[in-house]
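Quick mapping for you: the protein sequence lines, in order, are chains A and B.
Sequential numbering from 5 applies to the first sequence in the working numbering.
Sequential numbering from 12 applies to the second sequence in the working numbering.
For the record, the hints were derived by calculation from the structure and aren't laboratory data.
For clarity, every value in this text was computed on a predicted model and none was experimentally measured.
Keep in mind that a hint or two might mislead.
Below, a list of computed lysine-lysine pairs in the DSSO-like style, where the Cα atoms sit at most 27 Å apart [claimed, not checked]: (1) B/Lys200 <-> B/Lys114; (2) B/Lys384 <-> B/Lys257; (3) B/Lys257 <-> B/Lys385; (4) B/Lys147 <-> A/Lys245; (5) A/Lys245 <-> A/Lys62; (6) A/Lys250 <-> B/Lys147; (7) A/Lys250 <-> B/Lys120; (8) B/Lys114 <-> A/Lys250; (9) B/Lys384 <-> B/Lys214; (10) B/Lys257 <-> B/Lys214; (11) B/Lys147 <-> B/Lys114; (12) B/Lys214 <-> B/Lys200.
Some residues of chain A that are not near chain B, with every Cβ distance over 12 Å (derived) [what the hints assert, rightly or not]: (13) Gly11; (14) Arg26; (15) Gly29; (16) Thr45; (17) Asp51; (18) Val58; (19) Leu76; (20) Ile114; (21) Val167; (22) Thr178; (23) Val219; (24) Val226; (25) Phe240; (26) Leu243; (27) Lys245.
Sample of chain B residues lacking proximity to chain A, with all beta carbon distances greater than 12 Å (derived) [as the list claims (entries may be wrong)]: (28) Pro48; (29) Gln103; (30) Thr338.
Yeah, the Cβ is synthetic: ideal placement off N, Cα and C, and Gly gets one too.
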Amino acid sequence: MIVGFIGGLLEGLDTLWDGLWRLPGVAFDPSSYSSFWDYLTDREGIDEVLSITVEHGKLVLTAMAFGVVIGLTLGILIHRVTTLRAPVLGLLGILLTLPSLALFAVFVPIVGIGDTGPIIALSMYALLPITRNTVTGLEEVDRAVVESAKGMGLSPMQRLVRVELPLAWPVILTGIRVSTLLATGIAAIAVLVGGTGLGVYIQEGLTRYPLPNSVEAIWIAVVFTVGLALTFDLCFALLRKFTTSKGLQS
Amino acid sequence: MIRLEAVSKTYPGTEVPAVEALDLEIPEGEILVLVGPSGCGKSTTLRLINRMIEPTGGRIIFDGEDVTSVNPDHLRRRIGYVIQQIGLFPHQTIAQNIATVPKLLGWDKQQIPRRVDELMDMVGLDPSLYRDRYPKELSGGQAQRVGVARALGADPAVLLMDEPFGAIDPITRDRLQNEFLRLQEELQKTIVFVTHDIDEAIKMGDRIAILRERSHIAQFDTPERILAFPVDDFVRDFIGDGSTLKGLVFERVRDLDLDDDYPVVHASDDRAMARQTLDASDERWLLVLDDEDRPVRWVNDGHLARTDVPLTELGPPVVATVAPQATLHDALEEMLLSNAGQACVVDGQGRFQGIVDIDTLAQVLRRLRASAKKHYDDLAATEGS
Numbered sequence: 005m006i007v008g009f010i011g012g013l014l015e016g017l018d019t020l021w022d023g024l025w026r027l028p029g030v031a032f033d034p035s036s037y038s039s040f041w042d043y044l045t046d047r048e049g050i051d052e053v054l055s056i057t058v059e060h061g062k063l064v065l066t067a068m069a070f071g072v073v074i075g076l077t078l079g080i081l082i083h084r085v086t087t088l089r090a091p092v093l094g095l096l097g098i099l100l101t102l103p104s105l106a107l108f109a110v111f112v113p114i115v116g117i118g119d120t121g122p123i124i125a126l127s128m129y130a131l132l133p134i135t136r137n138t139v140t141g142l143e144e145v146d147r148a149v150v151e152s153a154k155g156m157g158l159s160p161m162q163r164l165v166r167v168e169l170p171l172a173w174p175v176i177l178t179g180i181r182v183s184t185l186l187a188t189g190i191a192a193i194a195v196l197v198g199g200t201g202l203g204v205y206i207q208e209g210l211t212r213y214p215l216p217n218s219v220e221a222i223w224i225a226v227v228f229t230v231g232l233a234l235t236f237d238l239c240f241a242l243l244r245k246f247t248t249s250k251g252l253q254s
Numbered sequence: 012m013i014r015l016e017a018v019s020k021t022y023p024g025t026e027v028p029a030v031e032a033l034d035l036e037i038p039e040g041e042i043l044v045l046v047g048p049s050g051c052g053k054s055t056t057l058r059l060i061n062r063m064i065e066p067t068g069g070r071i072i073f074d075g076e077d078v079t080s081v082n083p084d085h086l087r088r089r090i091g092y093v094i095q096q097i098g099l100f101p102h103q104t105i106a107q108n109i110a111t112v113p114k115l116l117g118w119d120k121q122q123i124p125r126r127v128d129e130l131m132d133m134v135g136l137d138p139s140l141y142r143d144r145y146p147k148e149l150s151g152g153q154a155q156r157v158g159v160a161r162a163l164g165a166d167p168a169v170l171l172m173d174e175p176f177g178a179i180d181p182i183t184r185d186r187l188q189n190e191f192l193r194l195q196e197e198l199q200k201t202i203v204f205v206t207h208d209i210d211e212a213i214k215m216g217d218r219i220a221i222l223r224e225r226s227h228i229a230q231f232d233t234p235e236r237i238l239a240f241p242v243d244d245f246v247r248d249f250i251g252d253g254s255t256l257k258g259l260v261f262e263r264v265r266d267l268d269l270d271d272d273y274p275v276v277h278a279s280d281d282r283a284m285a286r287q288t289l290d291a292s293d294e295r296w297l298l299v300l301d302d303e304d305r306p307v308r309w310v311n312d313g314h315l316a317r318t319d320v321p322l323t324e325l326g327p328p329v330v331a332t333v334a335p336q337a338t339l340h341d342a343l344e345e346m347l348l349s350n351a352g353q354a355c356v357v358d359g360q361g362r363f364q365g366i367v368d369i370d371t372l373a374q375v376l377r378r379l380r381a382s383a384k385k386h387y388d389d390l391a392a393t394e395g396s
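Next up, chain A with everything else stripped away, as it sits in the complex (with noise of 0.2 Å):
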């Protein structure tokens, strides 16, 4: 038994190995890109994929909408309500956890079919660097500022949003940050329970393969969600310059 679980591993690794090495023949084959391009510019056609990446960042934004308001509002109950804290994190943590695809069927008997199945599971992958960066931006607030404003009679309310929150601003924007990174990767799924998004053209391309084209067809889905990614991550790049204050900046 040992030995067949060794052979099997070998076995493994020897395809593993063919892969790798077969992948700069692709990478470096300048044909490869040209079939790519021709697949984008006339079989699909470029408006129609730019129109199908910004559905899909469509998705992730109104689930990181519902993240956002919910993990912050978390946060902060859990940052003052500390024997919460431990329970809600885990069960955020357990959250994570669970497979996106099982996650995504789920709510089909529930939702039905469509974006918002989606919009539900992916607001809940995004709870938990949400949640966590708002307790730790929360924490690590200096607790002299915090008595201070208290001293000087700002209510709680206002030691919160003047004081505490624009404080945790840059740890709880990368909090968000990585949430939305992580929840474009994940809509892709969307598409197994009819939703929209870059997924179409995996499940196309699957559908097809090994016919003509359907590599290319990953392919499309592959370099326009990293785009659509790259394009989050500068956002949220200039947001965070713009919204942090300069004396919090080194």
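Model the placement of chain B on the given structure of chain A, informed by the hints.
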């Protein structure tokens, strides 16, 4: 203005109260220093006043009003608060920091920037230079100046200061203390100041409350009287050795009964007269003054025997002089420097006024101690009757 009536604080889960039935009347327009060893509850006591810590018993009276259960945020806006860690808002400019309380109180938008500039001038920071800077660009000393300006923002009548200069290097601390005292002369705020450093307490306090464990007041009095007459061993130990010397800081040369019949001779006088003056007095040294009455030399019997040198070049030169406004501490220092063991008091023009020596100081100390003791005896007598 502020009165604590039987205020106590017991933290949950502890048996021994941190502050036990404290009665404290805070004198208006003065600096009251709460000082004591660590763990005596002085900081807790301070924080009970603006209810940063909620008392578990007793009442806090502010301006004749019981504030033990009013909205604590509204109470705190009427009381300036300075802490050792300063706690400036790092995301706000200096001007925004200082404007915090005026903004909370809804001051007029045009009035606030003017007030900010005024406060920055007051604490010695050039508004045009520092207004738009952020706290991270300030040194520790500058940051605490802003801390004080921010606490004075809405011109509160009361200021609570929790070891405000504790984390600042000694040279800067000394300067800030002096500046703050000068500012207080103008402002006449009611200030409660917490420190663990008895020297800072003596320097800053119009009155000092020395606290022992559970915030019991061991002695409450002016620094002069505490130094002259510590009521018990606890206070004596706490103020430490050299309290007598420290007390000399509060007495000024001009208030002394100066020994003005000290034998002097003018440079223009002849030897015979000098000898006669010296012989007629009990002193061993004769002071030589110049034509404008300024002391120049000390001469003794031996010097006078030399006739080849003029009086102004005989004997050791006068090095120890003190002005009438100098403290006895300064005078003592001068005395130790002089080789005659005494210091010449001179006025603004350098003219001789008299002599202070170690006997003068000893007399002063005896008088101080006697009057402080009498004060406490009288107090005991009125309480007894």
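Verification of the hints:
1. At most 27 Å may separate the alpha-carbon atoms for a hinted pair to count; lysine 200 of chain B and lysine 114 of chain B meet this at roughly 21 Å.
2. Only pairs whose Cα atoms come within 27 Å are accepted, and lysine 384 of chain B paired with lysine 257 of chain B is accepted, the gap being roughly 18 Å.
3. Simply put, lysine 257 of chain B and lysine 385 of chain B have alpha-carbon atoms about 21 Å apart, close enough for the 27 Å limit, and the pair holds.
4. At most 27 Å may separate the alpha-carbon atoms for a hinted pair to count; lysine 147 of chain B and lysine 245 of chain A meet this at roughly 18 Å.
5. With a C-alpha separation of about 23 Å, the suggested pair lysine 245 of chain A and lysine 62 of chain A falls inside the 27 Å cut-off, and the hint holds.
6. Proposed proximity of lysine 250 of chain A and lysine 147 of chain B is supported: the alpha carbons are some 10 Å apart, at most 27 Å.
7. Using a Cα cut-off of 27 Å, the hinted pair lysine 250 of chain A and lysine 120 of chain B holds, with the two alpha carbons roughly 23 Å apart.
8. A threshold of 27 Å between alpha carbons decides the hint, and for lysine 114 of chain B with lysine 250 of chain A the separation of about 21 Å falls inside it, so the pair holds.
9. Our distance criterion of 27 Å between C-alpha atoms is met by lysine 384 of chain B and lysine 214 of chain B, whose separation comes to about 22 Å.
10. Pair hint lysine 257 of chain B plus lysine 214 of chain B holds up; C-alpha atoms about 10 Å apart against a cutoff of 27 Å.
11. Between lysine 147 of chain B and lysine 114 of chain B the CA atoms are separated by roughly 23 Å; this keeps the pair inside 27 Å, and the hint holds.
12. Straight-line distance between C-alpha atoms of lysine 214 of chain B and lysine 200 of chain B comes to about 17 Å, which keeps the hinted pair within the 27 Å bound.
13. In this structure glycine 11 of chain A is separated from chain B by more than 12 Å, as the shortest Cβ-Cβ distance comes to about 62 Å.
14. Against the 12 Å criterion, arginine 26 of chain A stays outside the reach of chain B, whose nearest CB is about 53 Å from its own CB.
15. Against the 12 Å criterion, glycine 29 of chain A stays outside the reach of chain B, whose nearest CB is about 54 Å from its own CB.
16. The Cβ of threonine 45 of chain A sits about 49 Å from the closest Cβ of chain B, beyond the 12 Å cut-off, so the non-interface label holds.
17. Every CB of chain B lies more than 12 Å from the CB of aspartate 51 of chain A, the least distance being 44 Å, so the non-interface label holds.
18. Separation of valine 58 of chain A from chain B is adequate, the least Cβ-Cβ distance of about 35 Å exceeding the 12 Å criterion.
19. Once the 12 Å rule is applied to beta carbons, leucine 76 of chain A is consistent with being away from chain B; the minimum gap is 18 Å.
20. The Cβ of isoleucine 114 of chain A lies farther than 12 Å from every Cβ of chain B, with a closest approach of about 43 Å, so its non-interface assignment holds.
21. With a closest Cβ-Cβ approach of about 6 Å to chain B, valine 167 of chain A is found to fall inside the 12 Å limit, against its non-interface label.
22. For threonine 178 of chain A, the shortest C-beta to C-beta distance to chain B comes to about 17 Å, beyond the 12 Å cut-off, and the non-interface label holds.
23. Separation of valine 219 of chain A from chain B is adequate, the least Cβ-Cβ distance of about 51 Å exceeding the 12 Å criterion.
24. The beta carbon of valine 226 of chain A is kept farther than 12 Å from every beta carbon of chain B, the shortest such distance being approximately 40 Å.
25. Listed as a non-interface residue, phenylalanine 240 of chain A keeps its Cβ farther than 12 Å from every Cβ of chain B; the least gap is roughly 19 Å.
26. In this structure leucine 243 of chain A is separated from chain B by more than 12 Å, as the shortest Cβ-Cβ distance comes to about 16 Å.
27. For lysine 245 of chain A, the condition that its CB be more than 12 Å from all CB atoms of chain B holds, with the nearest at approximately 14 Å.
28. Every Cβ of chain A is farther than 12 Å from the Cβ of proline 48 of chain B; the closest lies at roughly 23 Å, confirming the non-interface assignment.
29. With a least CB separation of 7 Å from chain A, glutamine 103 of chain B falls inside the 12 Å interface cut-off, contrary to its annotation.
30. The beta carbon of threonine 338 of chain B sits about 36 Å from the closest Cβ of chain A, which is more than 12 Å, so the claim that it is off the interface holds.
The structure fails to meet hints 21, 29 from the earlier list, while all remaining hints are met.
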